[in-house]
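Model the full structure from these sequences, guided by the hints.
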Amino acid sequence: MSFGILLLHGYTGSPHTLKPLFESLCDDYRNVKSICLPGHDNNHDNKIPSFDEKSFLEKISDEIKIFLKLEKKIILIGHSTGGSLILRYLQENSFNPFALILISTPKRITSDYMQRWEIHASSKDMPLSNIAKMVSSINKAGRRHNKYDFPIFFINGEEDKLVTKDEVNLWVNEKITDHNRVAIIPSAGHDIFYGRKNKLAIDIIKRFLSDINNLNRDLDYTEKKQLLIQAEPLMEKLISKSPHTLKHLINCPSGQKVIQNKPVVGSTALNDPTIANIEVTTFCNLKCRFCARTRFKRQNKHMRKNIFSRILDLLPHVFHVTIVGLGEPLLNPEIIEIIAEASSRNKKVSVVTNGMNLDKTISADLVKSGLDSIVFSIDAANQKLASKIRAGSNLETIIANIKNFTEIAKSSTQKISKAVFSSLSKQTIPYINELIDLVSQLDIDALMLTDLNFRENIAQTLWKNKNEKSLRLIRQAVSNAFSKNLPVLSVRGLEEFGIAERYRNFLLLPPGQISRRSKLHANCYSPWQTIPVSVDGDITICDCQPKEKIGNLFNNPLTHIWNGDAMMKHRAQMMSNHPPDVCRICPRF
9 MSFGILLLHG YTGSPHTLKP LFESLCDDYR NVKSICLPGH DNNHDNKIPS
59 FDEKSFLEKI SDEIKIFLKL EKKIILIGHS TGGSLILRYL QENSFNPFAL
109 ILISTPKRIT SDYMQRWEIH ASSKDMPLSN IAKMVSSINK AGRRHNKYDF
159 PIFFINGEED KLVTKDEVNL WVNEKITDHN RVAIIPSAGH DIFYGRKNKL
209 AIDIIKRFLS DINNLNRDLD YTEKKQLLIQ AEPLMEKLIS KSPHTLKHLI
259 NCPSGQKVIQ NKPVVGSTAL NDPTIANIEV TTFCNLKCRF CARTRFKRQN
309 KHMRKNIFSR ILDLLPHVFH VTIVGLGEPL LNPEIIEIIA EASSRNKKVS
359 VVTNGMNLDK TISADLVKSG LDSIVFSIDA ANQKLASKIR AGSNLETIIA
409 NIKNFTEIAK SSTQKISKAV FSSLSKQTIP YINELIDLVS QLDIDALMLT
459 DLNFRENIAQ TLWKNKNEKS LRLIRQAVSN AFSKNLPVLS VRGLEEFGIA
509 ERYRNFLLLP PGQISRRSKL HANCYSPWQT IPVSVDGDIT ICDCQPKEKI
559 GNLFNNPLTH IWNGDAMMKH RAQMMSNHPP DVCRICPRF
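In the working numbering, the protein residues as written are 9 to 597.
Quick caveat, the hints were computed from the structure, so don't treat them as lab data. On a predicted model such as this, the values are computed, not experimentally measured, just so you know. Don't take each hint at face value.
Stated by the list, open to error - With a cut-off of at most 20 angstroms between alpha-carbon atoms, the simulated EDC-like pairs for lysine to aspartate or glutamate come out as follows:
| id | residue 1 | residue 2 |
| --- | --- | --- |
| 1 | Lys-305 | Asp-544 |
| 2 | Lys-183 | Glu-349 |
| 3 | Lys-426 | Glu-404 |
| 4 | Lys-141 | Glu-100 |
| 5 | Lys-557 | Asp-589 |
As the list claims (entries may be wrong) - Quick list of the computed label-pair ranges, beta carbon to beta carbon:
| id | residue 1 | residue 2 | range |
| --- | --- | --- | --- |
| 6 | Asn-441 | Arg-592 | 26 to 32 angstroms |
| 7 | Asn-531 | Ile-267 | 14 to 20 angstroms |
| 8 | Lys-577 | Tyr-511 | 32 to 38 angstroms |
The beta-carbon is built from N, C-alpha and C at its ideal position, and this holds for glycine as well.
Written out as structure tokens, the structure is:
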């Protein structure tokens, strides 16, 4: 059964309000109708027709009946009071659409709202009696509803002066459905389909329709779903709240591996991003020799929690949020609130830290925040070497902070996985056994080792300095770690689902692989599942190419970024016989 899509404008608007959305939907769907409320046919002058709720609801009913006769699954889209009228129809009739999209729809009319509305409609000629009828209808629509079992998508413009973005929270808190999605369109006003962000708004709606269209196909994912949940138990809650996400989790490369399929990839990604690496600050208290931040000069800036929330809105199918970037996350004054926000949305949340700021207070707050995983960056086991490699670090402080954190974490009912991530180099490889001895005393779950990345670091890599002595040191160190019950993982497991359960698949065996590079694509699936988001919302091709900006999440439709020309070209080149040089020097490729 195919869709029938009905659009309804607001009381002071007309079908013109929704015209850009209507025309775009007609490109993809055959049965799309923009309803014109009675009396609004010639609503080009300043006079507004009488507010006749009965005739409005009858019009909605007539259009629904037409699509029902055609055996269509109906999707209702309402803008402003058009959304209120749809809700009034649902209150008065025993009818459930397949999905509902409410755009800039008020939850209730208050005195503040009326002041904003008078400004909004100041050029319109409307008797006071009509205003009273409109207010009554909107407030009825906003009263408690029976819980609906269909998905509802709440959309609002960030700068809507009439129906403020706070109305969305009121709707969500009402819990009229277990399957809601929210999107706040950055810099958009009330007429959301006009202005510079109209393509962003339209793309968000079309992606939602694509999701429910896939759900409409009644594919049996039961067995695959169970395999995913066995690997990542946290997925169960996310999928229960957002059933549309399941398809993306299954189709992404990490999901395919969990269900024991070899990922089949091409220039187009078949899924939305399921992993987001989000940079919440560009401030840092260290100056690490091999870090891209040392060469890539950027303005210091913290991401605010509300901006972080918008990012999650725009990436609805992300399961794993890793807080990482060219800065130290714990320097962001809102880091605890940021983690809690992601956790409240049933995301798996990880943070990567240098440990310098991890005092007892922050540790206690992190443990309570909903954090699932923490990764400590340690590249050297003695202070002299640490000062050369990670200038500004105090190894004694870092070790004490990690030990305090692990002790505090024991009091939590939530299991927080703990790992150390180490980038080895020509300078540090002679001391690798010291590193193993140090890390094995920290009560962590695993150590992940990698060679250096980035063109500027090539001369210092294990790859370019490989010899029998360095290989012997690596083999001895890995053997030493295993004897201490410390799993040593390859960096190739960095983006895998269920690594806690499947870690044996990603052990650094043979150890010598750390100093190798692939001439052709062999391991990396990052561009098919992971989206790096900078503190400004900029998107790059991958974390290993921080200068290769391909769009901005707040300005460009995700479709144009994720499966845009730059990304598709890069994926195709990765899979070719002549991969990009930047990939061929990467330890993960």
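Verification of the supplied hints:
no.: 1; hint: Lys-305 <-> Asp-544; result: 14 angstroms, holds
no.: 2; hint: Lys-183 <-> Glu-349; result: 18 angstroms, holds
no.: 3; hint: Lys-426 <-> Glu-404; result: 19 angstroms, holds
no.: 4; hint: Lys-141 <-> Glu-100; result: 17 angstroms, holds
no.: 5; hint: Lys-557 <-> Asp-589; result: 17 angstroms, holds
no.: 6; hint: Asn-441 <-> Arg-592: 26 to 32 angstroms; result: 30 angstroms, holds
no.: 7; hint: Asn-531 <-> Ile-267: 14 to 20 angstroms; result: 19 angstroms, holds
no.: 8; hint: Lys-577 <-> Tyr-511: 32 to 38 angstroms; result: 34 angstroms, holds
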